[in-house]
Amino acid sequence: MYTYSEFDHDFLKTRNAQFRAQVERRISGALTEDEFKPLRLMNGLYLQLHAYMLRVAIPYGTLNSAQMRQLADISERWDKGYGHFTTRQNIQFNWPRLRDVPDMLDALAEVGMHAIQTSGNCVRNVTADHFAGASADEIADPRPVAELLRQWSTDHPEFQFLPRKFKIAITGSPNDRAVTRAHDIGLRMVRQGNAQGFEVIVGGGLGRTPVIGKVISDFVPEQDLLPYIEAILSTYNSFGRRDNKYKARIKIMVNELGLDEVRARVDRRFATLRDEWSGADRAILRDLRESFAPPAFRTAPTEGYDVAYRHDPVFRSFADTNLAAHRHLDYAIVTISLKAHGATPGDATAEQMRLMADLAAQYGHDELRISHEQNVILPHVHKSDLPHLHAALQSAGLATANIGLISDIIACPGMDYCALATARSIPVAQEIAQAFRARELDIGAMKIKISGCINACGHHHVGHIGILGLDRAGVENYQITLGGDGTETAALGERAGPGFAYDQIVPAIDRLICAYLDLRVDAQESFIAAFRRLGPKPFKDALYQTGGRADAA
Amino acid sequence: MSRDFAPSVLTANDLFEGDVVYFTATGDWSRQHTDALLFTNQQEAAEALAAAQAQPERFVGPYLALAHSGPNGPEPVHFREAFRARGPSNYRHGKQPMGMC
Numbered sequence: 001m002y003t004y005s006e007f008d009h010d011f012l013k014t015r016n017a018q019f020r021a022q023v024e025r026r027i028s029g030a031l032t033e034d035e036f037k038p039l040r041l042m043n044g045l046y047l048q049l050h051a052y053m054l055r056v057a058i059p060y061g062t063l064n065s066a067q068m069r070q071l072a073d074i075s076e077r078w079d080k081g082y083g084h085f086t087t088r089q090n091i092q093f094n095w096p097r098l099r100d101v102p103d104m105l106d107a108l109a110e111v112g113m114h115a116i117q118t119s120g121n122c123v124r125n126v127t128a129d130h131f132a133g134a135s136a137d138e139i140a141d142p143r144p145v146a147e148l149l150r151q152w153s154t155d156h157p158e159f160q161f162l163p164r165k166f167k168i169a170i171t172g173s174p175n176d177r178a179v180t181r182a183h184d185i186g187l188r189m190v191r192q193g194n195a196q197g198f199e200v201i202v203g204g205g206l207g208r209t210p211v212i213g214k215v216i217s218d219f220v221p222e223q224d225l226l227p228y229i230e231a232i233l234s235t236y237n238s239f240g241r242r243d244n245k246y247k248a249r250i251k252i253m254v255n256e257l258g259l260d261e262v263r264a265r266v267d268r269r270f271a272t273l274r275d276e277w278s279g280a281d282r283a284i285l286r287d288l289r290e291s292f293a294p295p296a297f298r299t300a301p302t303e304g305y306d307v308a309y310r311h312d313p314v315f316r317s318f319a320d321t322n323l324a325a326h327r328h329l330d331y332a333i334v335t336i337s338l339k340a341h342g343a344t345p346g347d348a349t350a351e352q353m354r355l356m357a358d359l360a361a362q363y364g365h366d367e368l369r370i371s372h373e374q375n376v377i378l379p380h381v382h383k384s385d386l387p388h389l390h391a392a393l394q395s396a397g398l399a400t401a402n403i404g405l406i407s408d409i410i411a412c413p414g415m416d417y418c419a420l421a422t423a424r425s426i427p428v429a430q431e432i433a434q435a436f437r438a439r440e441l442d443i444g445a446m447k448i449k450i451s452g453c454i455n456a457c458g459h460h461h462v463g464h465i466g467i468l469g470l471d472r473a474g475v476e477n478y479q480i481t482l483g484g485d486g487t488e489t490a491a492l493g494e495r496a497g498p499g500f501a502y503d504q505i506v507p508a509i510d511r512l513i514c515a516y517l518d519l520r521v522d523a524q525e526s527f528i529a530a531f532r533r534l535g536p537k538p539f540k541d542a543l544y545q546t547g548g549r550a551d552a553a
Numbered sequence: 001m002s003r004d005f006a007p008s009v010l011t012a013n014d015l016f017e018g019d020v021v022y023f024t025a026t027g028d029w030s031r032q033h034t035d036a037l038l039f040t041n042q043q044e045a046a047e048a049l050a051a052a053q054a055q056p057e058r059f060v061g062p063y064l065a066l067a068h069s070g071p072n073g074p075e076p077v078h079f080r081e082a083f084r085a086r087g088p089s090n091y092r093h094g095k096q097p098m099g100m101c
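Top to bottom, those sequences are chains E and C. If you're matching positions, the first sequence starts at 1 in our numbering and goes up one per residue. If you're matching positions, the second sequence starts at 1 in our numbering and goes up one per residue.
FYI, nobody ran anything at the bench for these hints, they're computed from the structure. From a predicted model like this one, the values you see are computed outputs, not experimental measurements. Treat the hints with caution; some may be incorrect.
[Unchecked claim] Estimated spans, in silico, between C-beta atoms of each pair:
id, chain 1, residue 1, chain 2, residue 2, range
1, C, T40, E, R472, 27 to 35 angstroms
2, C, G61, E, N244, 19 to 27 angstroms
3, C, F16, E, D243, 30 to 38 angstroms
4, C, Q53, E, R274, 49 to 57 angstroms
5, C, A54, E, D8, 36 to 44 angstroms
6, C, G61, E, H388, 47 to 55 angstroms
7, C, E44, E, E110, 45 to 53 angstroms
8, E, K245, C, T40, 19 to 27 angstroms
9, C, F16, E, C514, 50 to 58 angstroms
10, E, D10, C, E44, 48 to 56 angstroms
11, C, G61, E, P174, 46 to 54 angstroms
12, C, G61, E, V190, 42 to 50 angstroms
13, C, F16, E, D522, 58 to 66 angstroms
Here a beta-carbon is modelled for each residue, glycine too, at the ideal position from N, C-alpha and C.
My request is simple: use the sequences and hints to build the entire structure.
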């Protein structure tokens, strides 16, 4: 993986010193809150309901063990001993004190990490497929391009004051695990003959105006990608609305101008920009490819795995749900669930972070990933090591075998932490996970996603079942959407109908699940497949106990 | 009591901790909602708010939040204020008394 150059280290050192001085000036009263707020946000520091919150970028979700250990140390030294992994592959510390934040940023810089551009109207942390560089279904590792984008976008003088925030996601696989169609720019690696390039999707996004992104170009050769993306940003920066923050995202520009006009403007801008790039980006990309060269995979027998799989039902259950196919047949991709039943989705204690770091160092070629689904991945584990790894995970409460099941829920922090939230998310996730625990293997593949406000950090629009928490006349109320999909077959869920009170949301989900179990062809037909076959009506009937199906199950 | 003014407490976030604080009857600030002064007079509330706004070196974002009197002191009206007063519901990291989470 990429390691910081001297330039990177110097840049961070300077930037952190600037922020330390800004904090001191705020404390001394030389800066008002109005003056300080944009400065702290540019460095990832929010003020939430109960405390400050520091959002740290994990570029394209990739960490090494030293970085994970440092996150654990930071959480213990300056926070409450845990961190919250987010749906944008960041980690959030929920309880820092203002005076300590400069020290936290210095500690991050020691391991090549920062919180820059995790907020504000700029290009945010570039996210990527969490199986990048490991997955059997991948064309190529997209992370060299993601790192190129990170370097290009960090402190880019032209794009520090965009009309609104700007999110880019990238995948090298035809199976989209990075929700590329719900980003301002989504990049999907494709091949045309021998040429490698990207399908470029523009104007996707969730939030109050959810839109599935549109393909602005079905093939941009890799050597043209950076000038092409700059052309999109530049076009958006010139045209995008600044008069109304709710109409400022690029999706609104695409809607107002039309895709063809946006494409024409981008192409004109690209024609100019392409010649201005002298090829430096291509030289850097070549070097970055070497940084992301695959590890030296080990050749060793895998009988130990086969024996454990045959004889240990707990291990077998873990292997069946938490492993994914690796490009090397003797290896597996391990997803460590941060969704123990009843726990807060995405939270890991310092002890858990340290154990995952140790396991990555011992068994995983020193690599970890954070998924947008708020789990941790060890992307390269030799199969013979899996039984030992599983035993170690069990010792720390990290062996929950529920990836892709109903308890593997995405949930934003909601009103338990977030100043923007209109209702709680976390306890809803906790209760659903516990309520369906005994039935989750029978229920099978299911993605429930919960947001505590219309900004949709919990991606509820693309959940098979989406839950949106709102404030209805001073009471928490939860709307349900059905049929969403965040993958290559992306779709926005449709609102089922009136919302449910806090204490009615689990019974409502239960009616939906019972209807699905009743209606599915067989156990192989997933909830989303059944929904697509049958349409929303039988599910709405079950939800609202209408249509003569008062008890669907 | 002003005709259009609903009883309110004055609250803000502490600059250094970010913690939720409340203006009290003694003119100090407390971390407990029940210690808050329940304003029933609009003029007095506005003056206290202006005074808090004039102390940016101590507080962030002071505002008046609806409240009503309870057996142990003022209680929040809106659930958002109840969460601010209590802390998150997933961990006892806020101001939850024992047995309440």
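Now for the hints, and whether the structure bears them out:
Roughly 28 angstroms separates the CB atoms of T40(C) and R472(E), a value that falls within the hinted 27 to 35 angstroms. Distance hint for G61(C) and N244(E): a CB-CB separation of about 23 angstroms, consistent with the stated range 19 to 27 angstroms. For F16(C) and D243(E), the hinted distance range of 30 to 38 angstroms is satisfied, since their beta carbons lie about 36 angstroms from each other. The hinted range of 49 to 57 angstroms is satisfied by Q53(C) and R274(E), whose Cβ atoms lie roughly 52 angstroms apart.
Between A54(C) and D8(E) the beta carbons are some 42 angstroms apart, a value that agrees with the proposed interval 36 to 44 angstroms. Under the hint 47 to 55 angstroms, the C-beta atoms of G61(C) and H388(E), about 51 angstroms apart, fit the expected range. Checked against the hint of 45 to 53 angstroms, the C-beta distance between E44(C) and E110(E) comes to roughly 51 angstroms, which is consistent with it. Roughly 36 angstroms separates the CB atoms of K245(E) and T40(C), a value that falls outside the hinted 19 to 27 angstroms.
Take F16(C) and C514(E): their Cβ atoms lie about 51 angstroms apart, and the range 50 to 58 angstroms holds. In this structure, D10(E) and E44(C) meet the distance hint of 48 to 56 angstroms, their C-beta atoms being roughly 54 angstroms apart. For G61(C) and P174(E), the Cβ-Cβ distance of about 47 angstroms falls inside the hinted range of 46 to 54 angstroms, so the restraint holds. At roughly 48 angstroms, the beta-carbon separation of G61(C) and V190(E) lies within the given 42 to 50 angstroms, and the hint holds.
Restraint check, F16(C) to D522(E): a C-beta distance of roughly 60 angstroms satisfies the suggested window 58 to 66 angstroms.
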